[in-house]
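Chemist: Take each chain as given, in its own frame, and dock them per the hints.
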Amino acid sequence: MENTAPHPHRELIPAYAIGALDPDEIRYLEGHLETCLECQAALKEYQWVADSLKFALPPQAPNPRVRTELAKKLKAPPNNTAEKAQKTVFPLRWALLPTLLALVALLALNLSMAAQIRDLKQQQVILQQRLQTYQNVTALISQPGLQTISIQNDQMVGNLVIQPEGERGVLFMKNLPPLEEDQTYQAWLIPAAGSPVSAGLFQVEAGEEQVSTIVGADRPIREFNAFGVTIEPAGGSLQPSMTPILAVNL
Amino acid sequence: MGTPYEDALMTRVAKGDEQALLVLYDQYSSRVYALALKMLGDSMAAEEITQDVFLKVWSRARTFLSVRGPLISWLMTIARNSALDRIRMERRRPTLTTEDDPEDTWEVLPDEKTTMEEERWRSLYFAVQSLAAEQRQVIELSYYYGMSHSEISDTLQLPLGTVKTRLRLGMDHLRSQWLLKEDTPGASETRDSGVLSNRDRTE
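If you read the sequences in order, they're chains A and B. The first sequence stops at residue 242 when you use this note's numbering, and every number in between is there. The second sequence stops at residue 232 when you use this note's numbering, and every number in between is there.
So that you can see chain B by itself, here it is in the shape it has in the complex (with noise of 0.2 Å):
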């Protein structure tokens, strides 16, 4: 469920209200960057996505309903949606590598002023980089770049029963890493109401 706050920044939005879209880009743009330069790995592409993202909220802005999950999720189910549509009209090819890019990093320790939602984030992120390299490769290949079983087969050089078993596998792991967090005292509600609802799939 969308906050208050959100609710009444997605109205002024909705008027036409230039500087509340300003407000949500500066507060969203650099997750909604962050995710176009993973999926696109080109700096450029990732700007335009970004730009095209919020200005798909500007025309978009009255469709927007805050009981359907929180804006964020909104935001970026349209990023990634964008992002993926790009891939598939420029028929991008992934950079392939297990290995970690320097870039792509987060602190380990959270500071004083890191809220609730980044720390979750930021737990997310060490759970994916947690995972044997092989697993985290099939992951990002389909979640990331939209590729089935049988694209990440073909990619990888893989047998197909190989990548399922990666992909499951993977799978199986953060989700126990996420709901054993999420089993924690108070962490439900946020599951079911909060950043993370998986409710928000549509733009």
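In isolation and in its complexed conformation, chain A is listed as follows (with noise of 0.2 Å):
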């Protein structure tokens, strides 16, 4: 449907023609041409003007090196797939390289941090326990009736805190040296008529200067004539493998 407006485009179909609109004008423009013959018609003639202009200069001749360069490349096998495969891929190799050299770091670093997670998360199972522990200790110790026994030997020093109703105690022992890997200390009630009974296991941490831990048996400490402690395999054992080197009488 031709358009027999006024119109108002006429004026910017010249630039148009040429490409000389902002994008506003141009969307304002072309929605008119799409219905407006007259002025269709008119940038068919502005375009003509605006593509002449490719020619409107006097020819100027390149350097003859481009000619010879251009003779040379069109030589060149363009099509070439092994030397275009080699072209690619050694570049490729080397392009490469940063990137997997930054992931293999990446892999190390995970490595690393992994393995001081898991480290870490062992500490805080000890802690944890010790936590334990402590909290153990410090609730017996806060029982009325308690009786505290001496031990020492050489330079081994502690004390035994015992109730005798009860059934557990507590060690306190300053100056233990730390065990092999394969070695734990094991805690024993003696009775008067019978077996040592295992009364409990523990571990002196290097540096550790004092270690305290809870002992017990499954009868009241009354029960049994002395204690002691050895020097077992990991795990203890089911009764004593040496000569204790802590003893009391209780």
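Rather than coming from a laboratory, the hints here were simulated on the basis of the structure. Mixed in with the good hints, there may be bad ones.
Taking lysine to aspartate or glutamate pairs in the DMTMM-like style, the calculated list, with each CA pair at most 25 Å apart, reads [what the hints assert, rightly or not]: (1) Lys36(A) x Asp201(B); (2) Lys85(B) x Asp71(B); (3) Lys65(A) x Glu76(B); (4) Lys65(A) x Asp71(B); (5) Lys65(A) x Asp81(B).
Far from chain A, by Cβ distances over 10 Å, these chain B residues were calculated [to be verified]: (6) Tyr34; (7) Ala37; (8) Thr40; (9) Met118; (10) Met145; (11) Thr191.
Partial pick of chain B residues on the chain A-facing surface, computed with a CB cut under 7 Å [to be verified]: (12) Ser58; (13) Ser59; (14) Tyr62; (15) Ala63; (16) Leu64; (17) Glu76; (18) Thr79; (19) Gln80; (20) Phe83; (21) Arg109; (22) Trp150; (23) Leu153; (24) Arg197; (25) Arg204.
Even for Gly, the Cβ is constructed at its ideal location relative to N, Cα and C.
Modeler: Now the structure itself:
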């Protein structure tokens, strides 16, 4: 349908033909051009003018080296797969090298961090066990009727705090040396008759000057005559495998 | 419409005939280089664009359709687009002058060897030169440097309305000059099917 309304867009047509309109003006004019045959015809003439500008220049010959270089490039095989692949792969390998190095470094960092996390978790477990022990110790020594028995052997010194009617006590020792990884300290309660009864296993950490551990059996401590500590294989023994390093009568 | 000669030449180029492309180069490189040099203002960059244009012709020969227009129009469109891409990529700023470049001149009188096409190109050149300097400046900034009204206004520090008016008046002048010439007997045929076909707007 021909648009017979006035053409305020007309003055935009030369600029549109040459590509000088701003984006909002382009949208404005193109909307009008869809229906206006007169403006379409005018545009066609101005487009012819704009296209002609490509030719409105005196010719100038380029440097002869341009032709020489062009001829060389024409002779280069355009679809040589092997050469192209080599040219592609070789630089590609080198281009990938920084990425690969970064990935290796990242992997190493991740492994290191995983090991650290594992160690931290182990330490957390140990600390939690210690905390529980301290809490239990605190609870025990808070009870009434406690009896404290001194223990000493060379440089090792400590106290055994017991509640005779109870089944558990607390051993406080100083200067107990740390053991090998395949060994453990084992506490014993020794009855007047019969075999010693295991009263618990405990460890001493490197640098730990004082250790406190809960010891006990399945019956009141007053039923035992003596208390002792031996060094046993890791996991403990059913019976003492050596002479106690610490021993005291109850 | 392209000529049978151009069709045959491009068919050879499409088949990988290097000599055919070099024939094209010898025939049209001066036009391509002149346009690139006008737009880039740098002979090294213009040489690179010139080479790039013919390499594109080499790789795209199969896409050329003579029914869409003459080969020279296709070549020059590739040249202008390549130069505009370079300008935008490098954010080149045009050299602003309203004076004629002393190297950018054409002989006023054609010699006996001048073809009809060359004569037409010459008349186009003189029509542009006949524009008022300020009109020619805005037309060149728009066409050769891809600038919009707003960008020209900012660059020249002129009101937007002034830029629009100068560009419109300049284009109106060129249109009247070229259409007047093209309306002479025999010229209208060339306008629609010859060198200056406006149907060749894309590569």
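Chemist: Hint by hint, note whether the structure agrees.
Modeler: We went through each hint and held it up to the structure:
About 13 Å separates the Cα atoms of Lys36(A) and Asp201(B), which keeps this hinted pair within 25 Å; it holds. Of the pairs offered as hints, the one joining Lys85(B) and Asp71(B) holds, with about 21 Å between alpha carbons and a cut-off of 25 Å not exceeded. As the CA atoms of Lys65(A) and Glu76(B) are separated by approximately 15 Å, the hinted pair is consistent with the 25 Å bound. Between Lys65(A) and Asp71(B) the alpha-carbon distance is near 23 Å, which keeps this suggested pair within the 25 Å criterion.
Only pairs whose Cα atoms come within 25 Å are accepted, and Lys65(A) paired with Asp81(B) is accepted, the gap being roughly 11 Å. With a cut of 10 Å on Cβ distances, Tyr34(B) stays outside the contact zone with chain A, its closest approach being about 19 Å. A cut-off of 10 Å between C-beta atoms confirms that Ala37(B) is not in contact with chain A; the least separation is 19 Å. At the 10 Å boundary, the C-beta of Thr40(B) stays outside the reach of chain A, the nearest C-beta of that chain being 17 Å off.
Against the 10 Å criterion, Met118(B) stays outside the reach of chain A, whose nearest CB is about 18 Å from its own CB. No beta-carbon of chain A comes within 10 Å of the beta-carbon of Met145(B); the shortest separation is about 13 Å. With a least beta-carbon separation of about 13 Å from chain A, Thr191(B) lies farther than 10 Å from that chain, consistent with its non-interface assignment. Using the Cβ-Cβ criterion of 7 Å, the hint placing Ser58(B) at the interface with chain A is satisfied: the shortest such distance is roughly 6 Å.
For Ser59(B), the interface hint holds, since its Cβ comes within 7 Å of a Cβ in chain A; the closest pair sits about 4 Å apart. The criterion of a C-beta within 7 Å of any C-beta in chain A is met by Tyr62(B), whose closest approach is roughly 4 Å, and the hint holds. With a least beta-carbon distance of about 4 Å to chain A, the hint placing Ala63(B) at the interface is held under the 7 Å criterion. Against a cut-off of 7 Å between C-beta atoms, the interface hint on Leu64(B) holds, since the closest Cβ of chain A lies about 6 Å away.
With a cut of 7 Å, the hint placing Glu76(B) at the interface with chain A holds, because the nearest CB-to-CB distance is about 5 Å. Hint status for Thr79(B): holds, given a least beta-carbon distance of 5 Å to chain A, under 7 Å. With a cut of 7 Å, the hint placing Gln80(B) at the interface with chain A holds, because the nearest CB-to-CB distance is about 5 Å. The interface hint given for Phe83(B) holds, since its Cβ lies 6 Å from the closest Cβ of chain A, which is under the 7 Å cut-off.
Using the Cβ-Cβ criterion of 7 Å, the hint placing Arg109(B) at the interface with chain A is satisfied: the shortest such distance is roughly 6 Å. Satisfaction of the interface hint for Trp150(B) is found here, the shortest Cβ-Cβ separation to chain A being roughly 5 Å, below the 7 Å cut-off. Nearest Cβ of chain A to the Cβ of Leu153(B): about 4 Å, under the 7 Å cut. The hint holds. Taken as an interface hint, Arg197(B) checks out: its beta carbon lies about 5 Å from the nearest beta carbon of chain A, inside 7 Å.
With a cut of 7 Å, the hint placing Arg204(B) at the interface with chain A holds, because the nearest CB-to-CB distance is about 5 Å.
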